[in-house]
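*Asks:* Chains as they are written, first to last, in the numbering used here: chain A, 1035 to 1144; chain B, 2 to 119.
Source of the hints: derived by calculation from the structure; they are not laboratory data. We treat Cβ as the ideally placed atom computed from N, Cα and C, and that holds for glycine. One or more of the hints may lead you astray.
[To be verified] Now the in silico label distances, taken between C-beta atoms and shown as ranges:
| # | chain 1 | residue 1 | chain 2 | residue 2 | range |
| --- | --- | --- | --- | --- | --- |
| 1 | B | Lys65 | A | Arg1035 | 23 to 29 Å |
| 2 | B | Asp66 | A | Asp1073 | 30 to 36 Å |
| 3 | B | Gln30 | A | Asp1073 | 26 to 32 Å |
| 4 | B | Lys65 | A | Gln1065 | 46 to 52 Å |
| 5 | B | Gly17 | A | Asp1111 | 50 to 56 Å |
| 6 | A | Asp1091 | B | Lys15 | 33 to 39 Å |
[Unchecked claim] Covered stretches of chain B (chain A as the covering partner; in silico rule of three or more C-beta atoms under 8 Å from a C-beta of chain A):
| # | region |
| --- | --- |
| 7 | 75-87 |
| 8 | 110-116 |
[To be verified] Restricting the straight-line Cα-Cα distance to at most 20 Å, the calculated cross-link-like pairs of lysine-lysine (PhoX-like) are:
| # | chain 1 | residue 1 | chain 2 | residue 2 |
| --- | --- | --- | --- | --- |
| 9 | B | Lys67 | B | Lys15 |
| 10 | B | Lys67 | B | Lys56 |
| 11 | B | Lys15 | A | Lys1131 |
| 12 | A | Lys1079 | A | Lys1113 |
| 13 | B | Lys65 | B | Lys21 |
| 14 | B | Lys56 | B | Lys15 |
| 15 | A | Lys1076 | A | Lys1036 |
| 16 | A | Lys1036 | A | Lys1131 |
| 17 | B | Lys21 | B | Lys56 |
| 18 | A | Lys1079 | B | Lys42 |
| 19 | A | Lys1036 | B | Lys42 |
| 20 | A | Lys1131 | B | Lys65 |
| 21 | B | Lys42 | A | Lys1076 |
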Amino acid sequence: RKEVEQDPGPFNVPEGATVAFNCTYSNSASQSFFWYRQDCRKEPKLLMSVYSSGNEDGRFTAQLNRASQYISLLIRDSKLSDSATYLCVVNGGGFQKLVFGTGTRLLVSP
Amino acid sequence: GAVVSQHPSWVICKSGTSVKIECRSLDFQATTMFWYRQFPKQSLMLMATSNEGSKATYEQGVEKDKFLINHASLTLSTLTVTSAHPEDSSFYICSARDLRTSGNNEQFFGPGTRLTVL
């Protein structure tokens, strides 16, 4: 079983739609959780950290369910510029190490 | 925010040659830098963790004699791919942790180096 699992997609949605991505992780000792965004042939960029109580940043909402070892990302009012691959990232195997999911590809169309 | 640079951004080399990639933290000090590799349509895979002034810790399956890592200062780590072969062609990305914010495990990524071995 992979340490971090995501549906690779692609998710094809129209502008303005709401879309949700899910991610599961296997290491119950993980303490830090992130969503990164990666554009084609570019480095990943931090979208947001995920906190136990859930957190929101503009159109983006992240949730964490430790009991189910499950993380989600909700994007409201999708923009064309949201088209990218969204990486679920968890720290594991030691305090410093980050483990990346394979990413979920989002395509927002006009 | 914290900025990490990588050089070169891309490199094409012949099989058998060695390639050195530099990773620098520009506006912060990083005791720990990480080297990742990403093949097409795959996730980032951690290759090694590089600590300033000490030997790097390599992930299982990564040959330490092939991928030489040097972390001589708090702002510079280098990865040398020795005797590169076509199967080493990949996107190599470094990241660094800022000492001031290291408590939250956040890593700042360089722009990556695309290596093509002919």
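*Asks:* A separate judgement is required for each hint: does it hold in the structure or not?
*Replies:* Status of each hint after checking the structure:
{"no.": "1", "hint": "Lys65(B) <-> Arg1035(A): 23 to 29 Å", "result": "27 Å, holds"}
{"no.": "2", "hint": "Asp66(B) <-> Asp1073(A): 30 to 36 Å", "result": "34 Å, holds"}
{"no.": "3", "hint": "Gln30(B) <-> Asp1073(A): 26 to 32 Å", "result": "28 Å, holds"}
{"no.": "4", "hint": "Lys65(B) <-> Gln1065(A): 46 to 52 Å", "result": "28 Å, violated"}
{"no.": "5", "hint": "Gly17(B) <-> Asp1111(A): 50 to 56 Å", "result": "52 Å, holds"}
{"no.": "6", "hint": "Asp1091(A) <-> Lys15(B): 33 to 39 Å", "result": "46 Å, violated"}
{"no.": "7", "hint": "75-87", "result": "violated (count 0)"}
{"no.": "8", "hint": "110-116", "result": "holds (count 5)"}
{"no.": "9", "hint": "Lys67(B) <-> Lys15(B)", "result": "16 Å, holds"}
{"no.": "10", "hint": "Lys67(B) <-> Lys56(B)", "result": "14 Å, holds"}
{"no.": "11", "hint": "Lys15(B) <-> Lys1131(A)", "result": "33 Å, violated"}
{"no.": "12", "hint": "Lys1079(A) <-> Lys1113(A)", "result": "18 Å, holds"}
{"no.": "13", "hint": "Lys65(B) <-> Lys21(B)", "result": "14 Å, holds"}
{"no.": "14", "hint": "Lys56(B) <-> Lys15(B)", "result": "28 Å, violated"}
{"no.": "15", "hint": "Lys1076(A) <-> Lys1036(A)", "result": "24 Å, violated"}
{"no.": "16", "hint": "Lys1036(A) <-> Lys1131(A)", "result": "15 Å, holds"}
{"no.": "17", "hint": "Lys21(B) <-> Lys56(B)", "result": "17 Å, holds"}
{"no.": "18", "hint": "Lys1079(A) <-> Lys42(B)", "result": "17 Å, holds"}
{"no.": "19", "hint": "Lys1036(A) <-> Lys42(B)", "result": "16 Å, holds"}
{"no.": "20", "hint": "Lys1131(A) <-> Lys65(B)", "result": "18 Å, holds"}
{"no.": "21", "hint": "Lys42(B) <-> Lys1076(A)", "result": "13 Å, holds"}
In this structure, the hints that do not hold are numbers 4, 6, 7, 11, 14, 15, in rising order.
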